[in-house]
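Asks: Each chain is listed here by its residues.
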Amino acid sequence: MGTSSAKPAKLLAYRDAGIAQVEKWEPEVANLSTALGGLRDALAGLDLPEGCELSILFEEVWFDTLTRNQRHLDEWVGDVGDEFLRASGRARDDIGPDDSFTVDDAAIVVGFADRDRAERQAADDAAALARILGPTGLINPYELANDPDKLDEMARLYPELRDILARSARFHADEDYAVALVNALGPTNVRTLADLANTFGIAADRGKADGAWDGYVVPLATLLGNADRSGRLDDSVRDALFDMDAGDEQGGEGADHNFIIKDQLADMRYRSLTLLLAAGTFSPETTARMADTIIHDGPLAPSFYDYSGFTNYQFLADHRPLAANEWAALDALTRDDHAANIFYGLHDGRNLYLLNGGLGADTAARRLGVSPGDVAGDIDRTLADSLTGGLQNYPLATGTVYSPETTRLIAHLVEAAGDDYVDAPDAVRRALAQISTPYTRDLAVAAEGYDRYLPDGRLPGLSGDEVDKFFREVSESKEARLVLGQNAAALVSTEIGASARDIAASDPNAFGQGSTLATAYYRELGEAWDHVQVDRLAQREALVAGWRSFTDPVVDLVSGKIVEKIPVVNAAADLPLAKNVVDGITGTIKDSINSAVYDHAIPRPELESMTTWRDAIEDDVEHAVAKGLYDDPATRQHFLDRAAAGGDPAYASVMADGQVTFDEFGRLGGVSDAVLTQSHRIVDGFQSDMAFDKMFGGG
Amino acid sequence: MSVPKDPPDYGYYPERMRPVPFPTASAQAAIAVCDRIAALLESDLGARPGLVAGARDGWEGAYRVEFDETWRIQEVRLAGLKEDLRRLSGQITTAVNNAAAINGQRATARANYLAEQQSETSGAGAN
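Here the protein sequences come in this chain order: R and B.
Going by the working numbering, the first sequence opens with residue 1, and the numbers climb by one from there.
Going by the working numbering, the second sequence opens with residue 700, and the numbers climb by one from there.
To be clear, the hints were calculated from the coordinates, so they are not data collected in a lab.
Since the structure is predicted, the reported quantities are computational estimates derived from the model, not experimental observations.
By construction, the Cβ of each residue, glycine as well, lies at the ideal position given by its N, Cα and C atoms.
Mixed in with the good hints there might be a few duds.
Covered stretches of chain R (in silico footprint by chain B; criterion: 3 or more residues with CB under 8 angstroms from a CB of chain B, positions within the stretch not fixed) [unchecked claim]:
#1 8–16
#2 45–52
#3 60–73
#4 487–495
Here are the in silico distance ranges between beta carbons for each label pair [claimed, not checked]:
#5 B:GLY749 x R:ASP374: 31 to 39 angstroms
#6 R:ASP116 x B:GLY803: 28 to 36 angstroms
#7 B:LEU744 x R:PRO135: 47 to 55 angstroms
#8 R:GLY37 x B:GLY822: 20 to 28 angstroms
#9 R:ALA498 x B:LEU744: 31 to 39 angstroms
#10 B:ALA761 x R:ASP248: 16 to 24 angstroms
#11 B:ILE772 x R:ASP552: 49 to 57 angstroms
#12 R:ALA123 x B:ALA808: 39 to 47 angstroms
#13 B:ILE772 x R:VAL109: 19 to 27 angstroms
#14 B:ILE772 x R:ARG232: 57 to 65 angstroms
#15 B:ILE772 x R:ASP318: 43 to 51 angstroms
#16 B:ALA761 x R:ALA123: 22 to 30 angstroms
#17 R:ARG117 x B:ALA808: 35 to 43 angstroms
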């Protein structure tokens, strides 16, 4: 083969524009099918006179074929562009539209441009695989223990299968090829191939199938994942992956065996499912279902002997989550926020009760040769990441933060976190506090209970008692307390912003609603923190650090304005763009929390010197009021007009350059009066209403 | 002799005068979809040369050859489909029009037939 040159940006631009056209054709395929099918049905059996007779050819089938061909071709061009980038070691963001690259043809690994040709190849490869496969991919545990030749016999299949899969790896990005191949194989062969993933793992652990992870499991999982994501995988084939009972298969290893053997065979299948999930990229729905099956139905701890493949120490050093099936399942969810979102909504929210963490820690510890405590932290962080991805990042990226589905899920999460049986690890508590940020106001509404002057909360059915229990559970973590402290400060700030015009108008009740909500939120926090025996200084620290560290993104989350700052997702292709923005927002918040907790802790003497709310937060509240008045163009102009009309001596210098900065604005007499008056009212309100009296009641 | 009922009892008339039971609504729905897709293909195929030229800019080698060959066939097929849909739409339209024309003639024939029948009935009564 020779060399190829291309401008990858142009190929990718072609792909995007071409697919945009195809996406307009695709719904029309169904419309044409309905219209022509309807006409054919209506004409059936009619005896029409000459000139009225019609023969309706199946144009919809041809249109469907050509639409699929076009999508295939356009995606293929994009694959070629991606391969040019990969072979050149460049990223898409990193190249200009006219940057040209020349690479060896062999470095470009793509399938065929022509869909028919890809599908013919798939049929050939399916036939080649089927010829090699025997009736089962499982190995009987008894034979595994007593007849080493049996494992050798199975392991001998590996090189042949590896070679076919290596050929199919050329089609790693081709969903049409993958689904044609997998559907042609059918459920029995796919089940056998899946079983072999674990069997080869056992062989690899014993030195009989070196390289079987990269040579077998990864390409097989890639094929299955591509087929699944095509949306055209036969249900029977997908269901075969979830068939954990080998006892009902003719000629299979599970037939006629006792229940212990059957359980061991099932353990093998749960491990196979785990290996495929870890190595492939399935659709969000299938990923969620796989994780759910593994976590809920899989063995609590594999039986002794352990018939799980790829569990040797050297392998696990590079694939730590595979040390336990549950951990690997959670890890897969962290790679797909949509899947995590589906997972936590399954079965009426039962997965929300996994908050205790430590899933699979005993098994992972045994395989990694460490204590469960050493590995539990890693697993808990994975769980926390899956929660944040599914319940915060995905709704943010898709603009569904306040959709009925999401708010129902969040209300359920609050309820689950407060469940008597939940004792979450700190990583999960912090995640819970962060997930609650966009619903801070709703938690305050629920905490306050019925108040005809307050708007309805968006978290359906949530009671003050459940909010209290949620805060108790979450507040045992220092980081989570800081997050709640930030949320509270952002809530006050948001409410001040909403009241800016009333404050400017010197309305004595300007902060009425804000005061009620903020007081309710702080009161719940205070009661929860007292209940879980957070000491006085730690309470002060969280509350004051919250005021000192909260950032604009937190205010945007609490106020709901965040929704306007994230690109609207109209198609799956837009999701990465929105996700990048969300990652930026959540990253900023994460940095602010870490910085407040680890880099800028408030010195103990300073904390001890604070004996009133005024000592603690008055400066911050003054800043928030001034900012609220400055940020609203109407109130800003109001104070400028007042200063001009009243002959404020500061006005001339402030407006010398025709603009007013935030600092200059604060120097205007009317502003400083309004700020002092309102901030005193707010702090006095906290001072008199709050259950934090002990917090600021002395050193 | 009985008289036609309301709604019309076409069984009253000789078969050659009865309306042609042509599914006009289904036919018109099919015409609309065929025309819409043909227009969509025409517009998108019109834009494709620009897209293809963009992709081909600086693209050389075996994969470019594979693309050219695949696109050449695909373009011909899509253009053919567009023409087929237009032709099918035209055929259905013709059938709709023919059915309407025949039904118009048959309506006239029925009116005449009815008038004749009524005339005969009243004539017989006068005798």
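Asks: Are the hints correct? Go through all of them and say.
Replies: Verification of the supplied hints:
{"no.": "1", "hint": "8–16", "in the structure": "holds (count 4)"}
{"no.": "2", "hint": "45–52", "in the structure": "holds (count 5)"}
{"no.": "3", "hint": "60–73", "in the structure": "holds (count 6)"}
{"no.": "4", "hint": "487–495", "in the structure": "violated (count 0)"}
{"no.": "5", "hint": "B:GLY749 x R:ASP374: 31 to 39 angstroms", "in the structure": "60 angstroms, violated"}
{"no.": "6", "hint": "R:ASP116 x B:GLY803: 28 to 36 angstroms", "in the structure": "49 angstroms, violated"}
{"no.": "7", "hint": "B:LEU744 x R:PRO135: 47 to 55 angstroms", "in the structure": "51 angstroms, holds"}
{"no.": "8", "hint": "R:GLY37 x B:GLY822: 20 to 28 angstroms", "in the structure": "53 angstroms, violated"}
{"no.": "9", "hint": "R:ALA498 x B:LEU744: 31 to 39 angstroms", "in the structure": "54 angstroms, violated"}
{"no.": "10", "hint": "B:ALA761 x R:ASP248: 16 to 24 angstroms", "in the structure": "49 angstroms, violated"}
{"no.": "11", "hint": "B:ILE772 x R:ASP552: 49 to 57 angstroms", "in the structure": "55 angstroms, holds"}
{"no.": "12", "hint": "R:ALA123 x B:ALA808: 39 to 47 angstroms", "in the structure": "60 angstroms, violated"}
{"no.": "13", "hint": "B:ILE772 x R:VAL109: 19 to 27 angstroms", "in the structure": "24 angstroms, holds"}
{"no.": "14", "hint": "B:ILE772 x R:ARG232: 57 to 65 angstroms", "in the structure": "23 angstroms, violated"}
{"no.": "15", "hint": "B:ILE772 x R:ASP318: 43 to 51 angstroms", "in the structure": "46 angstroms, holds"}
{"no.": "16", "hint": "B:ALA761 x R:ALA123: 22 to 30 angstroms", "in the structure": "24 angstroms, holds"}
{"no.": "17", "hint": "R:ARG117 x B:ALA808: 35 to 43 angstroms", "in the structure": "59 angstroms, violated"}
Checked against the numbered hints above, the structure violates hints 4, 5, 6, 8, 9, 10, 12, 14, 17; every other hint is satisfied.
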